[in-house]
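Visitor: Construct all of the structure, not just a fragment, from the sequences and the given hints.
There are 2 protein chains.
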Amino acid sequence: MDLVKAFLRRLQKEEALNLAGGKRGRITIHEVASAAGVSISTASKALNDTGRMGAETRERVKRIASEIGYRPNALARGLLSKRSFTIGLLTNDTYGRFTLPVMAGISDALVDHGVSVFLCAIEDDPALAQTHVDAMLDKQVDGIIATGKRLDRRLPVDLSNLHVPVVYAFTEGTQNSVTFRSDDEQGAKLAVEWLAKIGRRRIAHITGPEEFFSVRERAGAYHDVAGHREPVLYGVWSESWGHEAIEQLWKRPGEKPDALFCGNDQIARGAVDALRERGIKVPQDVSVIGFDNWEIVAAQTRPPLTTVDMELKELGRQAGLTVLELAEGRPVEPGVRKLPCRLVVRQSCGGKTSRE
Amino acid sequence: MDLVKAFLRRLQKEEALNLAGGKRGRITIHEVASAAGVSISTASKALNDTGRMGAETRERVKRIASEIGYRPNALARGLLSKRSFTIGLLTNDTYGRFTLPVMAGISDALVDHGVSVFLCAIEDDPALAQTHVDAMLDKQVDGIIATGKRLDRRLPVDLSNLHVPVVYAFTEGTQNSVTFRSDDEQGAKLAVEWLAKIGRRRIAHITGPEEFFSVRERAGAYHDVAGHREPVLYGVWSESWGHEAIEQLWKRPGEKPDALFCGNDQIARGAVDALRERGIKVPQDVSVIGFDNWEIVAAQTRPPLTTVDMELKELGRQAGLTVLELAEGRPVEPGVRKLPCRLVVRQSCGGKTSRE
DNA sequence: GTCAAGTGAGAAAAGGTTTTCTCATGCAAT
DNA sequence: ATTGCATGAGAAAACCTTTTCTCACTTGAC
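Here the protein sequences line up with chains P and V, keeping their order.
Just so we're aligned: 168 in our numbering is position 168 of the first sequence, and the numbers increase by one with no gaps anywhere.
Just so we're aligned: 101 in our numbering is position 101 of the second sequence, and the numbers increase by one with no gaps anywhere.
Keep in mind that the hints were calculated from the coordinates and are not lab data.
Treat each hint with caution, since some may be false.
Because identical chains cannot be distinguished in the list, a pair is counted as satisfied if it fits within a single copy or across any two copies.
In silico lysine-lysine, DSSO-like type, Cα no more than 27 Å apart, as pairs [stated by the list, open to error]:
1) K82 - K338
2) K62 - K45
3) K281 - K197
4) K189 - K149
5) K251 - K281
6) K338 - K149
7) K189 - K281
8) K189 - K338
Since we're looking at a predicted model, the values are computed, not measured.
Guide: Below is the structure:
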C-alpha cells in the first residue's frame, strides 16, 4: 500500500518532468569538476578566474564547462553573495505611457550587467503595492526603481526605510533619495524658442490641469520666453480639450495666435484637428508644437507633430545604472537630477524644416 | 575538544549578531528560533504548518516571527525546492500595445501565488533574446511566457527544448506547446453581426495587410456573415490608410456603404475623420466599428468607437495560470486555445445604444 | 514493572556555489 | 641536511531553508 503510493507519486513526477520538457537535473559545478577530474573548489576558482592553479588546469576546466553547457545557478550564487542580480521596477502607470520607455532604458542599461527586472504594476492600490514590494524583497532584489506618471505624486507605498537602495524616476522621491526627472522648464523653453526662431510672435499655450507640477513649470518657462501677451489655457489632457481651446481662442475678438505650444501631444492633436476644421492651415497659418513625443499620437497627426521628447529612455538608463551603483555599495550623491529634453522636429511648425 | 570548538564557534556567531545590531544581516529563521527558544527545525515546521509539535509552541513561534518581522529568504527556499516563484515574460512588442494588457493579466493572476514576473523586451534581436533567456534560466525561472504583436510570427529565439515550461500568448507557438490566442474569427463575426442587427446592409471592410493571419481570419468571417456584396480593402495599419480607403470607396460609382468594419481602431479613426471631412455623419449615415479596443484611440475618436476587444488581459491571466500548472507538474493538454472577443459598444455605430 | 505506542522537538543533510583554510610537494637557500 | 617558501589543489564552512531521521519522554496496557 505504501509502496504503491510511492510508486504512483514517482510516476506522476516523472511524467510531469517530461511535459516540462525533460527537466533532468541541471548541470552543476559538480559535473564540471568530475568531468575535468578536479574538485569543485578548483572548478569554481577556475571558472571565476580566482585562486591559484596551473594555467593548463584552468583552461581545461573552462573548456569542459562550456562543452557540457554549464551555467551557474544564480540562486545558489545569490544566497552566498547577497546579490541577486535582479531589480524591481514599481509603477503606477497602467497605460505604460511613461513606464515603457523608462523600462526599456533600464533594461538596456542593465542587461549586460546580467541584471533582470521585475515589473510590478500597482494601480494606486497600496495593498497591491505592498504585496509586490514584499515579494521583491523576499526575492532579495538588489534594488528598486520607483516610477510613475506624474512628477509631483508619490507612489502609494513607503520605500524610505528599506534595506535595499531605491531610486525614483519620473515620480516624486523622498528626502534623501536619488530622483531622476525630466527638465520640463528647459523642454518648454526649447519649444517656445523654436517657435520664436521661426518667426512666430503670438504664441498661445494650451495645457493640462494647473495642479500638475509639470504644467506650472512649462507655463512658467513659456512666460519667461514668450512674455504675457497671449493667454495660457488650462484644461485637461485630452484631444477634446484641444478642440475646445481652439474654439475659445478663435471666438474672442482681436488678433489670433500664429502659434500654439501645447501641454501634450493629445491636446496638440485636438488643436490641429480643430484648426483644420476651421480651414486654418497648419503649419502655414499657425504653427503647433506638442509635448511628450508620444509616437502613436504625434506621428499620426496630420501634419505630424513637432514635439518635445522627455528622453525617458535615457532617464531609465541612468536610473538603472544608479541603482546598480548603490547596490554595489558605491556612494551616490542624493538629490534631484533633471535630464534635458530634446526637440523633435516634424511638420507641424513650418520654418526651416517645414517643406522637406 | 570538539565541545570547545563548537562553543567557540557559537560565541563568535553571537558576537557577530550583536555587532550587527540590527542594521546588518536580515532576520533569518535562526533569529526566530532563538527568540522563541526552539531549534530552527522546529521554527521552520511551525511556520510552515508541517511536522508535529504542541499547539502552544507553534503559535508562539508564529507570533514571534511576525513580531520581529521575519520573512523567509526566497533564494534559499528556491535552492532547495527548485521553485523560484518567478517567471519570465518575453516580448518583441516594443510599444507594449499588446504586451501591457497581457502582462497585467499575468501579474494579476500570479501575484497572489507569490510569483513575480521578469519582463524582457527583445526587439526582434536574436542575440538580445538569447541573452535574456539565458539570464532567466540562470535565475531558475519556473516558466516562460512568450508573447508578441502578431499571431503568425515566431519570436526570434528557440524555446522548444528548454527544461522549463513555455506557454505562448498572442504569438505563434511550437509543435507541442500550449498557445493562447484571440478568436479573431468570432470577434469579426461579432462585429459584422452587430452591424447587420442594427439594420446595416452594405458593410465594407477596411483592413490591414493581407499577409497577416488575423486579417485573413477576420476577412473570412466578414465574408461568411456579410457575403461578397461589398469589397474588402487591404492596406496598412494606419490612420492615413483609413482616410485613403474612404476616398477610394467614395469615388467609385454606385451606392456607398452604410457601414464600415475596420481591421483596427487606427484605421477606423482615420475613416471616421475622413467621413466627417466629407460631411458624412457617423453614426447617422454610416456606422463604423473598429478592432482592438485600444482605449487611447477608440475613446478619443469623435464619436468614440464601437470596437472589438480581444480580451488580452484575460488571455494573460490564463497563460499565467497555465504556466504555473506546468511548473507545478500538473499535466496540461497541448494545443491552441482561442479566447472569445467581446464587443465594446460606444457611439460610432448608432443602433439601440446610439443616442443615450 | 516492562512494553508498545504515541508525542514533542532537535540534529543533520541537502540544495549549488564561493571562499578561506589547510596540506602536500618540490625547490632554492642556508 | 635542514629550513623556508612558493605553488597547486582539495576539504570544509558558509549562505538560509526544508525535510527526514532520530531521540527522549510520557502514557496506558499488560
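Visitor: Could you run down the list of hints and mark each one as holding or not?
Guide: Hints versus structure:
1. K82 - K338: neither (32 Å within a copy, 44 Å between copies)
2. K62 - K45: within (10 Å within a copy, 41 Å between copies)
3. K281 - K197: Classified as within: same-chain Cα gap 20 Å, cross-chain 41 Å, threshold 27 Å.
4. K189 - K149: Within one copy only: 22 Å inside, 37 Å across.
5. K251 - K281: both (17 Å within a copy, 25 Å between copies)
6. K338 - K149: within (16 Å within a copy, 34 Å between copies)
7. K189 - K281: Classified as within: same-chain Cα gap 25 Å, cross-chain 41 Å, threshold 27 Å.
8. K189 - K338: within (14 Å within a copy, 51 Å between copies)
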